[in-house]
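*Asks:* With chain A's structure known, arrange chains B and C on it following the hints.
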Amino acid sequence: MTIHAVWVINKAGGLVFSRTYSDTLPTQTLNATLILAGTLHGIHAITSRLNPITGKGGLESFEGENWGGKIWMSLTGIKLVVLHSIAHQGLDELMKKIYEIYSDAVMKNPFQTLEMPINSSLFESRLLGLIQSVN
Amino acid sequence: MTIYSLYIYDRHCDCVYYQDWHRTSPIRPPPFTNFRPGVHRIPSPPSITTKESIFNTKRLSALEDVERVGNRELKGLPFDEESKLVYGVILSLRNMVKKLSGRDEAFTSYRTAQYKLHLYETLTGYRFVLLSDPNVDSLRFVLKQIYTGPFLDYVVRNPLVIMDSREEGIDNDLFRSAVDRHMRNLSMFS
Amino acid sequence: MSTGAKQYKAIGDDVWKRTDKVNAELFTLTYGALVVQLIKDYEDYAEVNKQLDKMGYNIGTRLIEDFLARTGLGRCATFAETAEVISKVAFRTFLNISPAVSFPPPTQNPTSNLPPPTEFILTFDENPLAEFAELPRDAKEGGLWFSNVLGGVIRGALEMIQLQVETEFLSDVLRGDESTELLVRLVRVLDEEQPENDE
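Protein chains in written order, with numbering that gives the first Met the number 0: chain A, 0 to 134; chain B, 0 to 189; chain C, 0 to 198.
Chain A on its own, in the form it takes in the complex (with noise of 0.2 Å):
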């Protein structure tokens, strides 16, 4: 399994963090990516309300030919969105342990205000690294 790209989604949908790890993906500019990451959440939205059965529940994977995107919510609200190849065994695990690294990098970090863009050389280097071992 190849990870493409990691973007990090704040409650009200603002981008506040995005990096690719691979070449498959053509890069974006950050406007470019601030407009995705914001209709994702969007359809995020929508799509709880389309749901033919009972229940909650938004969008949590999606598939091109190529490659998926899957997104994991969090009880408070903020979204993980991973882009991968097709093949992704283990690819819940991963999200566990990014969550996991964001809660450490960012959370308990007194100097990062909530719900505004991460700029810790922390977070990156452990996600890095992790994702480093599994591409």
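Just so you know, the hints here were simulated from the structure itself, not pulled from any lab data. Check each hint, because a few of them may be wrong.
[Claimed, not checked] Below 25 Å or equal to it, Euclidean Cα-Cα: the simulated SDA-like pairs (lysine to any residue) are:
#: 1; chain 1: B; residue 1: LYS97; chain 2: B; residue 2: LEU76
#: 2; chain 1: A; residue 1: LYS69; chain 2: B; residue 2: ASP103
#: 3; chain 1: C; residue 1: LYS16; chain 2: B; residue 2: GLY148
#: 4; chain 1: A; residue 1: LYS55; chain 2: A; residue 2: ASP91
#: 5; chain 1: C; residue 1: LYS16; chain 2: B; residue 2: VAL155
*Replies:* Relative to chain A, chains B and C alone:
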């Protein structure tokens, strides 16, 4: 494995057909102003007791009353809004996937904890959308079978069905029962 | 999809094998009766041509679904490829003929910004629609194109896959010309429709 519902959209982005099987979330028929014939067979709210034709004006005004008075509070989105939302989600996801891929990549399905949506697009702009339970693999082949089977036979080759109309859908008895038969004959239909 | 001409021919033959067939004479007789009735009703050959084209257009808008559903072909990369597919697969599937494709030399002042070729000519060496027909003199002089329905079919079918084309017959053996030729010219590529924004 359960199949919940099927939507078909034409190249004008209108929903031209809807059918459901095991759907349990409520759905309301669209309000009179947005009603388009020939798309779905959603029954009217239970307070209307007549079984006359849907074009009976008396019945339609009674429909309006129910929604206005709201003594029988109907839950769920009206059908026309719901179908537009489904289309909007598909369009947004498709554009997003295209933008991220940098080329014309086809988006084929998405999943939530409760359901999975499968999309099959034809070159002519028809979009076949299927909602099923989330634990299945791709059901695109089912949509392709509907396209090459019942759709071709009972819609394309049926001169009495107006394709490409902006006013009405493609619902007809033969098509509806053929689709129903096809779905129920799938080995996975519960 | 960039399959070569041989593969298109194979696809066409294969689909033809699998289709239901109808008696050829019945087909020819029906079409002939149709044209004659149109002439009687409209009494104006230009109008008959127009009606044949309209009928062809309505047939084409539906025929494309049948074609795509049964052959499963994807989008063509160039207009030249479209020409090959129409000739080798479509005509083979529906009429069991294979008209030759040729590309006229590009015009001196290209006004469109579409990549060449933007037009092609189909040359029919056999035409099941006009098997035993002979045009009377005033039909020849009046400008009747007996097989005009074919132009309409191509126009309708291509419009459903976002290609706007114009078609016209250049010559017809029924009119005494050497060969039957149909010109198809690409006008523009249509954009996909967006839903109305009512919010």
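*Asks:* All hints, please: hold or fail.
*Replies:* Hints versus structure:
Using a Cα cut-off of 25 Å, the hinted pair B:LYS97 and B:LEU76 is violated, with the two alpha carbons roughly 29 Å apart. Between A:LYS69 and B:ASP103 the CA atoms are separated by roughly 20 Å; this keeps the pair inside 25 Å, and the hint holds. Restraint check for C:LYS16 and B:GLY148: the C-alpha separation of about 18 Å stays at or below 25 Å, so the hint holds. With a CA separation close to 20 Å, the supplied pair A:LYS55 and A:ASP91 stays within the 25 Å bound.
A distance of roughly 21 Å separates the Cα atoms of C:LYS16 and B:VAL155; the hinted pair therefore holds under the 25 Å criterion.
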